[in-house]
Amino acid sequence: MITSNTDHKSSYSHNEHEDGLLQALLACCLAGEEGAQAEFYEAVAPGVYRLAYSILLDRLDAEDVVQESLVYAFRNLHRYDSARGMIRTWLYTITVSRCRNARRRKWLPSTALSHLLSLGQEPSAPLDHTPEAAVARMGVRDALEKALATLSPRLREAVALRYGQGLTYREMADVLDCPQKTAESRVRLAHEALREALHAAQGIDATLLEEMWSFQS
Amino acid sequence: MLILSQHVTDLLPAYADRQLNPRRRARVAKHLSACAQCRAALTHESRLARDLTGTLPRIGQPRPGQLARLWPAIRAEIKRVPRRQAIQPIAALMPSAGLLVAALLIGVLGLSVLFGNPGHASAAPNPFVPSDIHATNTPVRTDSPDDGKVVALAEPHASQTANAYNLPMPSPAPPPARKVVSPLR
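Chains as they are written, first to last, in my numbering: chain A, 79 to 295; chain B, 281 to 465.
Just so you know, the hints here were simulated from the structure itself, not pulled from any lab data. None of these values were measured; they are calculated from a predicted model. Don't be surprised by glycine CBs; every beta carbon is placed ideally from N, CA and C. Hints may contain errors.
[Said to hold, decoys possible] Some chain A residues near chain B, calculated using beta-carbon distances under 8 Å:
1. S132
2. D159
3. A161
4. M164
5. T246
6. V265
Start from the sequences and build out the full structure, keeping to the hints where you can.
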């Protein structure tokens, strides 16, 4: 029997434990306890910011989304229904919605023109350079960030929720307000697109890059 | 077998993520045990999934103090009563804007029907006038047929025609003036 080497069981229990803490903090916020709001903010803001940044790929826009999302969340804490999902799922639903609004406000294509024209970027490594040199020049994180920028917003949302936040496909479907099969297919399409983008950006075989990543980690 | 003949490439990312339900997972596993091509594809999918899981949480890490800097503005915003809530007590007493507009429209239409002029002018019934009066209504004569000038006489006065039918006689009026209509006009 062939099994995947990825096991998320421990992360699920961690998520449930964390949700229990957030539920307690939320109850304190609703009771009007001093300092509970600041504590709740400290607990959830980094995740909200990371998600917003992964989708928008812009620090200032991500800050705006954090502000808008959490102001809305604090004003509507009484509306959260624990029966419908974890607090993080609820917060991420708000965050994704605000990210979409931010994108509409900017009225810009999802991929910057400079990116499409490859302006202001280092030229891709010549094929005769060693792959190690390419990775040294542009770290794995940067390479992935650039590859993420080539994804459509919907695929980027899926990748950010799945791999950035560790949500299940079921939870992703709730956040993205789509069927679970749609969430699944978005992850699959994102895999394909990321492979192509990494291949194009590096000028080397994506499989080789993956191997180097495994070596680095 | 049908299952073994169909590649399961589309399901491999979900399989690598352990997100398939038991039935589909068993189906993919059965195919993988017999298909080297899909096993190789699974290796790539699993690596990519593992690398994304390891790398993506590191993307967009907030800088030290970055989020703490946002908190005062967020706290101030939460404490401020939102505009919609502030006007809620007044709004609760008033009907919604849509209903208000509809009521106004109905009122205006009702008033116009009751007191106003009709929206379109209906033609007033024509008084009975015998057709031979109409026939002599605009007497026209040609002074000189060669130059094409048509001389139309002014409207005949009622006294010239109506008395033949015993209609009430209007007061006498001055003789009708002659109108010259140019053919160029």
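Tell me if the interface restraint on M164(A) is satisfied: Cβ within less than 8 Å of some Cβ in chain B. Not OK, violated: M164(A) not within 8 Å of chain B, min 17 Å.
Is the shortest C-beta separation between A161(A) and chain B less than 8 Å? Violated, because the Cβ-Cβ distance from A161(A) to chain B comes to roughly 22 Å (cut-off 8 Å).
When the least beta-carbon distance from S132(A) to chain B is tested against 8 Å, hint result: 5 Å, holds
Do the numbers back the hint for T246(A), that is, is its least Cβ distance to chain B under 8 Å? 6 Å, holds
Given V265(A) as an interface hint, is the shortest Cβ-Cβ distance to chain B below 8 Å? Holds - the Cβ of V265(A) comes within 8 Å of chain B, reaching about 5 Å at its closest.
Given a cut of 8 Å on the nearest C-beta pair, is the interface hint for D159(A) held or broken against chain B? D159(A) check fails; min Cβ-Cβ to chain B is 21 Å, beyond 8 Å.
Checked against the numbered hints given earlier, the structure breaks hints 2, 3, 4 and satisfies all the rest.
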